[in-house]
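We have chain A; now place chain L onto it with these hints.
Each protein sequence line maps, in turn, to chains A and L. Going by numbering that gives the first Met the number 0, 11 is the number at position 12 of the first sequence; the sequence numbering is gapless. Going by numbering that gives the first Met the number 0, 240 is the number at position 241 of the second sequence; the sequence numbering is gapless.
Calculated directly from the structure, the hints in this document are not laboratory data. Don't take every hint at face value.
The list makes no distinction among identical chains, and a pair is therefore deemed to hold if it is satisfied within one copy or across any two copies.
25 Å max Cα-Cα, derived DSS-like pairs, lysine-lysine [what the hints assert, rightly or not]:
#1 LYS380 / LYS9
#2 LYS167 / LYS213
#3 LYS326 / LYS93
#4 LYS371 / LYS187
There are 2 protein chains.
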Amino acid sequence: MERLVTSNLKLGIIAGGQLGKMLIQEASKWDVISYVMDSEKECPAASVASHYINGDRLNYEDVCSFGKMVDVLTYEIESVNTKALKKLKEEGVKVKPDPEVLELIQDKGLQKQFYEQHAIPTSPFTLFQGKEEILRAVSSKSLRFPFVQKIRKGGYDGQGVAIIETEKDLGKLLEGESLVEEKVPIAKEISVIVARNEQGEVRSFPVVEMVFDKQANLVERLTCPANISEEQEERAQSIALKLVNSLEMSGLLAVEFFIDKRGDVIVNEISPRPHNSGHHSFESVITSQFEQHLRGIMNLPLGSTQLKMPAVMINLLGEPGYEGKVKYEGLTESMAIEGVKIHLYGKKITKPFRKMGHVTVLSESLEEAVGKAEKVKNLIKVKA
Amino acid sequence: MERLVTSNLKLGIIAGGQLGKMLIQEASKWDVISYVMDSEKECPAASVASHYINGDRLNYEDVCSFGKMVDVLTYEIESVNTKALKKLKEEGVKVKPDPEVLELIQDKGLQKQFYEQHAIPTSPFTLFQGKEEILRAVSSKSLRFPFVQKIRKGGYDGQGVAIIETEKDLGKLLEGESLVEEKVPIAKEISVIVARNEQGEVRSFPVVEMVFDKQANLVERLTCPANISEEQEERAQSIALKLVNSLEMSGLLAVEFFIDKRGDVIVNEISPRPHNSGHHSFESVITSQFEQHLRGIMNLPLGSTQLKMPAVMINLLGEPGYEGKVKYEGLTESMAIEGVKIHLYGKKITKPFRKMGHVTVLSESLEEAVGKAEKVKNLIKVKA
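Chain A extracted, bound-state conformation:
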């Protein structure tokens, strides 16, 4: 039977950011009809979607009525009303990835417990009710410096995380139910995106290496392939595949890892959706992460994840000090550099460190691509 019913299949995407936009760009190649629900009419995905629906992703009624319009429902952000998703699933709407998986991932505490239950390597942790309880644990010396506090629910792009190195940092502690974990002595950060479909077929993308901008706590650059040992690559991919299988999910799972100073590969966190660390795949991998996600959630055979060419990806972030109607500098000059691929998300308003676009640089040599990416980073400025 033909599973891909084209010109008829309605794909619903909750939230209309850049991930939704790129998902629709791929879906349009198969003539899938796309519906996007977002509270902002001018969101990036609305410009390419077949239909835009105004709605609040945290509102039970909005999510329910949106879900009933479509055949397959997905989301491009974790903070969605899962109660509504579960109700829709009960009523027969294909909600992918599964609402139960999303619920687990929304809570960093449950995530950690899941790793523990499935013998997935992760840093030791304790759950706390709030700030006061953490301070008591510090006083009683049951919790030792340095450590990392993460709010269990709602964190995003480095928000909801406090790094506590010494007593002086205790003022940074955040309110709310938290997960506290040992601070890993990080040598490297890497990411592996894996996919699974209902048949249980799985595939892993090549490992990518992430270099962080400390100030913004956002990925500054990622490179594929990663400069790690073959053993580490295999280890990371096998852990990611074990995770996606244990979750029995459909669609993509992005797994972020630390490699510690001893060379051990440790899971940091996971996302059940396309991921910033997979943007390069649009141009550099036979099947992009967005197409693979579609294949996964639509229960189609998964595609080849072979790398076509080495790639470096940089995010285009709003310059600090600028807020308002966006103006780009340096696009034309950057386009003149061989192998530069520019993506602008179409956000009208820039803010400091807001993700406004990204650039992928392709080259036969990864070193050359890194050099070109540096040039582009210096050329393109996102101002107001």
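Structure of chain L alone, referenced to chain A:
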């Protein structure tokens, strides 16, 4: 100065077929606002365009009022009201490629004369007023078999062409102003797509080889790289570059060539737009033909045309004997083959030999890609 004014630049495309759709898919990556004008609301490009405008591309008023809505105006088909395009150009609208170039290309007679003036190799030809004049030339033996008659204006996808091998074929002669050329003893057909911008920068895509389906007179399969000598490759590319320079155009020029039995490279015909023979570039070349066309018409630096991987492209044509609401067979099975990339244009109605989509197969080995493309051709059926 920043030439790419994003979130503001309005690109108008006359006609909304698959070429317009793919152009918009690329334009959306730069957040270009796309306007498409077509007489059919359900045309392929409308599903991805920012704005759909109903209009007839041959109607002077429709083209004029559409052109005034946008900053850069282009077309994805040759049969457009050029009088309107010229008027718009006069009034300051950026019409790219230039209306004068389009006018030349619309008329296969003028095209041929242009080749002659610029010493571009092409088969010897004569222009005729119509069928009667051709018959008189045959009678008087000033025209000898075999020959090819081409209607000067309006032909498309093999329409408007009569191949006259012997006296028996004379019944096939078409009415209207015609170009008659010697029938080239064809060894191979190849295509070269080149691009140029206002600065005079030029780039050539790798040569592709086309295998024709004799019955439908449509490309059956194309492969890149082409299996030709280095000398022939250089010759074809240098002719194509000479053409785009002589025309002083902005945007893409697709040049179709014959290679005759002696190995000579001869121009067949040209199109000032993205071309079926460049579809593979979406996945296999660093800059796709669609992005390159945008760069050309928007006067941006041209992008790298380096091949990422060998590719084979096949068109998905409506099966003979089926007409009506389209139904696809074999998509899911085809997706399970490594390296298969499916594009469906979203046409609701299929007809015999109508272009409904295409498939690009990527592989390290061209031979393997050809084998996989054969499999896909047997699997996917476009029925009603």
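Up to 25 Å CA-CA - LYS93 versus LYS326, copy category: Cα proximity of LYS326 and LYS93: across copies only (23 Å, versus 40 Å in one copy).
Homomeric proximity label, LYS371 with LYS187: Cα distance no greater than 25 Å: within (22 Å within a copy, 40 Å between copies)
Status of LYS9 relative to LYS380 across identical chains (alpha carbons, at most 25 Å): between (38 Å within a copy, 22 Å between copies)
Identical-chain pair category, LYS167 with LYS213, by Cα at 25 Å: within (19 Å within a copy, 80 Å between copies)
Consistency with the previously given hints is maintained throughout, with no hint failing.
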